[in-house]
Amino acid sequence: MTRTSAPGVRVDDLTVVYKTPAGELPALGGVSLSLAPGTITGIVGESGSGKSTLALSLLNAVQSPGRIKNGTVEIDGLGNIVELKGEDLRKARGRQVGYVFQAAQNSLNPLKTVGKQLLDLGRSHDFDDLPALLKDARSLLGRMGLDGGRVLDSYQHELSGGMRQRVGIMLALVLNAHLVVLDEPTTALDMITQAAILRIVREVHHERGLTTLIVTHDMGVAAEVTDSLAVMYGGRVVEHGPTTEVLGAPRHPYTKGLIRAIPRLSGDIDGATALPGRPPTLGTIPLQGCVFRERCPMRIAVCDTVDPVPVTRDARTVACHAVGRLATPVVPKEYA
Amino acid sequence: MITASGITKTYKQRGNMLGARAVPALRGVDFTIPKGGAVTFIGESGCGKTTLGRIVAGLETYDSGDIVIDGTPMSTLKHRHRQPFFRRIQLIHQDPYSALNPTRTIHQTLAAPLALRAKQTGRDSAWMDERARELLALVGIDPGYVLPRYPHQLSGGMRQRVVIARALTVDPEVLVADESVSMIDVSLRLGVLSLLKDLRERLDVSVLFITHDIATARYIGGDGELYVIYRGMVVESGPTESVISGPVHPYTQALLSAIPVLHGVELPGPDRVVPTEALDESHADSGCLFARRCPFVTAECEAAVPALVSDGAQAHACYHPQRRSVIPVEALA
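Keeping their order, the protein sequence lines are chains A and B.
For the first sequence, the positions run 2 to 337 when my numbering is used.
For the second sequence, the positions run 10 to 342 when my numbering is used.
Be aware that a few hints might be false.
Derived coverage of chain B by chain A (criterion: at least 3 residues anywhere in the stretch with Cβ under 8 Å from a Cβ of chain A; other residues may be distant) [unchecked claim]:
#1 223-237
#2 259-266
#3 270-281
For each label pair, taking beta carbons as the anchor points, the in silico distance ranges come out as [what the hints assert, rightly or not]:
#4 A:R261 to B:S251: 23 to 31 Å
#5 A:S140 to B:R211: 57 to 65 Å
#6 A:D130 to B:E286: 27 to 35 Å
#7 A:Q64 to B:T85: 52 to 60 Å
#8 A:S48 to B:Y159: 16 to 24 Å
#9 A:G143 to B:S251: 35 to 43 Å
#10 B:D207 to A:K136: 53 to 61 Å
Covered stretches of chain B, going by a simulated chain A footprint (3 or more residues, C-beta under 8 Å) [unchecked claim]:
#11 190-201
#12 332-340
By construction, these hints were calculated from the structure, which means they are not laboratory data.
Glycine residues also receive a C-beta, built at the ideal position from the N, C-alpha and C atoms.
Using the sequences plus the hints, can you model the full thing?
Here it is, written out as structure tokens:
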């Protein structure tokens, strides 16, 4: 009962807490986010923003001492993955949700060839036709510009960083999952390899009809490849909308600050300005009020006490008290 | 002022049955770091830029060529006589998480090099304490908060500032910053970059900036020189702004084309260059090292290595130099 089309995903009011000596601290505080079928969504955020925790929740794979305390993750054709357990959950991982882990370069078994690991994967998912699986893997690798036969016979140390990353993507797709999560797919790769991987992600996404989620700290990576962009801060999604609009006309003060802080190749380089302060860690996320207020230039009295509710207006969701007050509707600009 | 000429370095890989393999990391590199100036090396991983930084900081030997520091060629000196020269050049490591000793407080970390400095200049321990506070304030962190703490109690941005403060304890003339912000959160990155920029202006230190992120190079060393390094050779060099806006070597163009475009803010450059294949160093190259990957390759390129020639401001090593518009342009110009 493998789906042949891209599923939609709806995360609703998801709270994930981590157990610490100081009690249970929320890494995700009531996050709601929808991934439209067939789109590439990017999640950008700094370390500690909860972006990887959110991505792991899509597999119901938040590790102890963390746990999903509240909320649902509905995946089309699979139901609420938060309620899946044991064998059902194991079967869903890989078959329906493909996951390319952070540092995929280091997540291969150094003692087995890529082909052996692929066969293990096939057996653990009760594939009868293993030769067909190998054939699929070879064609996928060929599609990504690698010599499939050679790569399957290789150990991980015989492959470069960019090649291992492509092997990771192949392993996530070969069981025909139509929802794929990539956690920091290009970290530790250099510019030219990064550009090649991003091109491959985009092409494979379109060819196979996937719903893709990319988690990254690099605004440029998200800008290059995604259709829709969610910005996370302190365990909240503070802004979400079409990528070109979020980048071209950001509304949340954090998104604005983040974009201003990126040095660029054209224009006035001194226009780049740093965001004051530093991002919160698990222990310093404020328990009440807006999580961004300490660094916010638009802070008002209500920010100290009330956590802003995400408000959606013309396809853009923003969680900010000050933005809500500005009643002037922003007309999205047209871009080529 | 530091002048390097014809620096080569070859790493020997330990042999197996088939014999040892020599890996050339640098194949004859020339550059100059003027006093108070900024010099940037960019290139892919494995191009030799980190090796070059370590050689400049005196942490790595070189096989041939020479480094001349303020008129003194290092090759004429014995190791221990070189030390005072190389002390003026301090390396800021890539990873602020491993560059600090986790068992020492920041106070202890700064005290060791300051004690050396105090001994050299005949100062007492009161001066050391005062200097530690002064340096931390200079790099923009609160000395009272940081001094008694251990590295794990500080954020990445703060740790990198401590690493910079430690480098400043010996009053260096050159800071070598090797990918110094790549491990730091995006919103804090610009703060560290502007600190380096500020130090250049206030203390008149030169900065040798080693990176694969060309936009940050533009931020720190926009007025300096840029060297594009490919497999141990300089393939293009010139004033940073002019190389970025008008690259003529296809490799520089490929590097600049690979930078993600902020769609919505920028439009992609019209002539983006994509290498025809991935980097594979195992092939023997008779001609231009980039020829195998170059979309504009001709028979001439395979024959002999092109020399670095200057056309006034910019220099390039290519038989078919041509300006191409590859960098993103602002959409709302």
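Hint by hint, here is what the structure shows:
1. 223-237: holds (count 6)
2. 259-266: That given contact holds, which follows from 4 residues of the segment 259-266 of chain B lying within Cβ reach (below 8 Å) of chain A.
3. 270-281: holds (count 7)
4. A:R261 to B:S251: 23 to 31 Å: 26 Å, holds
5. A:S140 to B:R211: 57 to 65 Å: Given about 59 Å between the Cβ atoms, the range holds.
6. A:D130 to B:E286: 27 to 35 Å: About 33 Å separates the Cβ atoms of A:D130 and B:E286, which means 27 to 35 Å holds.
7. A:Q64 to B:T85: 52 to 60 Å: This hint holds: roughly 59 Å between Cβ atoms.
8. A:S48 to B:Y159: 16 to 24 Å: 19 Å, holds
9. A:G143 to B:S251: 35 to 43 Å: 41 Å, holds
10. B:D207 to A:K136: 53 to 61 Å: 59 Å, holds
11. 190-201: Our answer is that it holds, as 7 residues pass the Cβ test (under 8 Å) against chain A, meeting three.
12. 332-340: Coverage by chain A holds here, the residue count being 5 at a Cβ distance below 8 Å.
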